Amino acid sequence: MIKQITAIALATSAFFLLTGCGEDKKVETKTYKYTTVQVYEKSCIKCHGKHGEGNPLKKTPALNDRSAGEMAEDLYDIRNGGTSAQSSGTDHEIMEHNMQKLIDKGYDYDINSMAEFLSYLAKNK
Amino acid sequence: MKKNELLEEILAEVDKHPEIMSRRDAMKYLTMSPMAASIIAGATVGATTVSASDAKGKILIVGGGLAGMSTAARLTNTLSDPDITVIEPNPLSTSYQPGQTLVGGGIWDKSEVMYNRDEFVPNGVKLIKGAVTAFDPDNNKVIVDGKKEVTYDQMIIATGLMLNFAAIKGLTGEITSCNPDNAEAKKTIGKDGVHSIYFQDGSEATWTGIEELIAKAKKWKKGEPKLQAVFTHPNTPIKCGGAPKKIMYLTNAQLEKAGVRDAVELTFYPNGGKMFGVPEYHEAIVNQFKARGFKWNYKHNLVEINKETKTATFNHHWTEKGAWDEDLEEYGVELKSKHVEVKYDFIHVTPPMKAPDVVAHSKVGSSKGWVPVKKETLQHVKYKNVFCLGDVVAVPMGKTGGSARKQYKVVVNNVISAMEGDQKAIDTTNTKYAGYTVCPLITSIGTVMLAEFNWTKKPTPMVPLDPTQERWIWWLLKVYLLKPMTQIGMLSGRA
Numbered sequence: 001m002i003k004q005i006t007a008i009a010l011a012t013s014a015f016f017l018l019t020g021c022g023e024d025k026k027v028e029t030k031t032y033k034y035t036t037v038q039v040y041e042k043s044c045i046k047c048h049g050k051h052g053e054g055n056p057l058k059k060t061p062a063l064n065d066r067s068a069g070e071m072a073e074d075l076y077d078i079r080n081g082g083t084s085a086q087s088s089g090t091d092h093e094i095m096e097h098n099m100q101k102l103i104d105k106g107y108d109y110d111i112n113s114m115a116e117f118l119s120y121l122a123k124n125k
Numbered sequence: 001m002k003k004n005e006l007l008e009e010i011l012a013e014v015d016k017h018p019e020i021m022s023r024r025d026a027m028k029y030l031t032m033s034p035m036a037a038s039i040i041a042g043a044t045v046g047a048t049t050v051s052a053s054d055a056k057g058k059i060l061i062v063g064g065g066l067a068g069m070s071t072a073a074r075l076t077n078t079l080s081d082p083d084i085t086v087i088e089p090n091p092l093s094t095s096y097q098p099g100q101t102l103v104g105g106g107i108w109d110k111s112e113v114m115y116n117r118d119e120f121v122p123n124g125v126k127l128i129k130g131a132v133t134a135f136d137p138d139n140n141k142v143i144v145d146g147k148k149e150v151t152y153d154q155m156i157i158a159t160g161l162m163l164n165f166a167a168i169k170g171l172t173g174e175i176t177s178c179n180p181d182n183a184e185a186k187k188t189i190g191k192d193g194v195h196s197i198y199f200q201d202g203s204e205a206t207w208t209g210i211e212e213l214i215a216k217a218k219k220w221k222k223g224e225p226k227l228q229a230v231f232t233h234p235n236t237p238i239k240c241g242g243a244p245k246k247i248m249y250l251t252n253a254q255l256e257k258a259g260v261r262d263a264v265e266l267t268f269y270p271n272g273g274k275m276f277g278v279p280e281y282h283e284a285i286v287n288q289f290k291a292r293g294f295k296w297n298y299k300h301n302l303v304e305i306n307k308e309t310k311t312a313t314f315n316h317h318w319t320e321k322g323a324w325d326e327d328l329e330e331y332g333v334e335l336k337s338k339h340v341e342v343k344y345d346f347i348h349v350t351p352p353m354k355a356p357d358v359v360a361h362s363k364v365g366s367s368k369g370w371v372p373v374k375k376e377t378l379q380h381v382k383y384k385n386v387f388c389l390g391d392v393v394a395v396p397m398g399k400t401g402g403s404a405r406k407q408y409k410v411v412v413n414n415v416i417s418a419m420e421g422d423q424k425a426i427d428t429t430n431t432k433y434a435g436y437t438v439c440p441l442i443t444s445i446g447t448v449m450l451a452e453f454n455w456t457k458k459p460t461p462m463v464p465l466d467p468t469q470e471r472w473i474w475w476l477l478k479v480y481l482l483k484p485m486t487q488i489g490m491l492s493g494r495a
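Heads up: the protein sequence lines correspond to chains A and B, in order. Residue 36 in the numbering used here is what sits at position 36 of the first sequence, and the numbering runs on without skipping anything. Residue 57 in the numbering used here is what sits at position 57 of the second sequence, and the numbering runs on without skipping anything.
The hints are simulated quantities; they were obtained by calculation from the structure and are not laboratory data. Please note that a few of the clues may not be correct.
Claimed, not checked - In silico DSSO-like links for lysine-lysine, alpha-carbon gap of 30 Å or less:
1) 321(B) x 46(A)
2) 338(B) x 42(A)
3) 336(B) x 105(A)
4) 432(B) x 58(A)
5) 338(B) x 123(A)
6) 123(A) x 432(B)
7) 295(B) x 58(A)
8) 338(B) x 50(A)
9) 343(B) x 384(B)
Unchecked claim - What follows is a set of in silico ranges between Cβ atoms, one per label pair, in the way DEER data are often shown:
10) 113(A) x 146(B): 40 to 50 Å
11) 65(A) x 221(B): 19 to 29 Å
12) 31(A) x 187(B): 50 to 60 Å
13) 65(A) x 338(B): 23 to 33 Å
14) 56(A) x 172(B): 50 to 60 Å
Unchecked claim - So the derived list for chain B, only partly shown, Cβ under 10 Å to chain A, looks like this:
15) 91
16) 166
17) 204
18) 236
19) 237
20) 244
21) 280
22) 285
23) 338
24) 446
25) 447
It should be emphasised that the depicted structure is a prediction, and the values quoted were computed from it without experimental measurement. Note that beta-carbon positions come from the ideal geometry of N, C-alpha and C, so glycine has one too.
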């Protein structure tokens with residue numbers, strides 16, 4: 001009986017595997033300690049500036065020179081140690097370290113939301 | 001496609017290599033296993049799941065590889081009155097690229113992965129045999145071969161990416177995976193122990209290279225320094241992120257088969273600091289490496305090859321504890337690096353990869369080159385009538401045929417919504433791309449670990465088997481089922 005159930009489960013899931021009907025419908029919800037704007041104003045602003053203009057003295061890059069889509073990609077790279085799934089590594093080794101420290105302090109945020117906020121800052125500088 | 005047609009196609013593939021799996025064993029799997037049966041069932045239904053649309057508009061698809069041509073096919077199946085043009089210069093654009101690993105590993109013949117573009121152009125789709133030389137998205141047009149203007153209402157960019165061998169000092173060529181126009185790369189790659197499965201001719205040459213290594217190893221005597229086989233992984237996003245490791249596993253398997261494994265040391269030099277972004281798979285691969293006696297050195301990026309001295313130079317980089325950072329309220333880190341020289345008898349190069357210059361430097365490109373989109377909808381961040389998929393799109397972990405198989409359905413739905421003027425559907429109700437990708441990691445001749453995952457960076461196996469295990473059944477899937485699934489199912493817009 002157990003075998004039969006496993007077989008049915010296998011059959012169903014393989015069907016999803018190869019037809020794409022199982023496209024991820026689950027949405028993960030995550031709650032953050034601060035809002036995106038709060039994270040920026042309490043933390044990011046210290047090095048990246050009021051309008052995301054960066055600080056040459058600290059060698060911190062400007063954040064107001066790219067679209068929200070590009071920014072989201074960069075933030076993903078920093079958060080995950082790279083955009084590749086395997087062994088390419090990250091373009092942002094220093095910020096990768098810093099971001100983990102900041103997450104420990106509660107300054108975590110949603111990547112898409114932060115990217116949108118930064119593009120808003122860039123447009124209103 | 002009829003069920004029997006697909007089954008016959010799979011069995012014909014199996015018949016080519018009776019030494020690995022007999023037709024009888026394959027039949028056993030295919031007919032006894034409910035999983036395989038449902039795979040076949042799945043491939044034969046698809047067409048009815050797409051609802052017809054009367055939306056109108058001129059659709060231009062730039063690039064007719066797997067991503068572009070499958071999108072053209074699915075749009076053709078879906079629209080009642082399609083007006084679709086595909087621009088593609090490469091006569092072999094629809095070749096089966098995932099098979100290049102198997103060609104390089106001596107399992108398949110090159111002819112088994114070569115597929116002519118012209119046989120995959122869906123009925124009614126116009127094909128322009130040329131290359132886009134300029135994008136003008138503000139005026140909804142592109143220029144082909146420097147002279148011909150082509151206009152559109154909706155554009156889909158699926159150009160694929162460039163293998164930038166020339167970025168490594170001592171190597172040459174900036175080519176694509178299956179365009180036979182690759183003479184520049186072949187000047188330095190595919191001989192003298194320097195190989196790459198990343199292009200079709202190179203994959204064939206890789207197997208010759210492995211045979212040469214085996215011949216050398218047969219002359220090796222105990223006490224002599226071991227022969228060095230080196231495998232690289234660059235610092236850019238790459239297509240098929242598992243291939244640099246797969247070819248290492250297959251080299252190992254062939255050395256073992258020839259009884260000369262003891263004569264050779266196999267070392268992996270990746271730019272990054274881990275084997276896999278998903279911790280479960282990372283751990284599984286480290287264990288597989290240990291079990292096979294592989295060595296690995298993280299954070300080494302190949303920068304130069306000296307063919308005279310058979311030396312590879314890597315930029316080795318790492319971080320060290322830096323000064324106290326008042327703003328961070330922590331110690332920061334400093335970047336350190338130095339060049340490291342490594343002798344090789346055989347080196348497999350995974351080249352740095354980039355978006356084609358014509359895309360990167362245009363208004364649809366970005367500072368990093370890849371086409372920026374909203375990653376869930378694959379719609380361009382600036383141009384609402386431009387969509388992008390495949391290797392050229394700027395989404396994390398997206399450069400595999402498995403990703404394209406999820407992406408093209410999202411793009412087709414969204415292009416149709418765009419034609420219907422329904423931006424709201426694109427943003428809200430249409431199915432989103434969740435970053436699904438799959439890496440059937442070949443771990444030996446006969447076993448594969450099926451690593452499936454998405455942006456949550458957790459294993460997302462669709463079948464309830466421990467995904468970190470190497471299994472026979474996935475070898476069957478990778479070697480026998482995925483090619484017919486791709487070449488017949490996906491390129492017809494159904495699977």
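Could you work out which earlier hints the structure fails to respect and list their numbers in ascending sequence? 2, 4, 5, 7, 8, 9, 11, 14, 15, 16, 17, 21, 23, 24, 25
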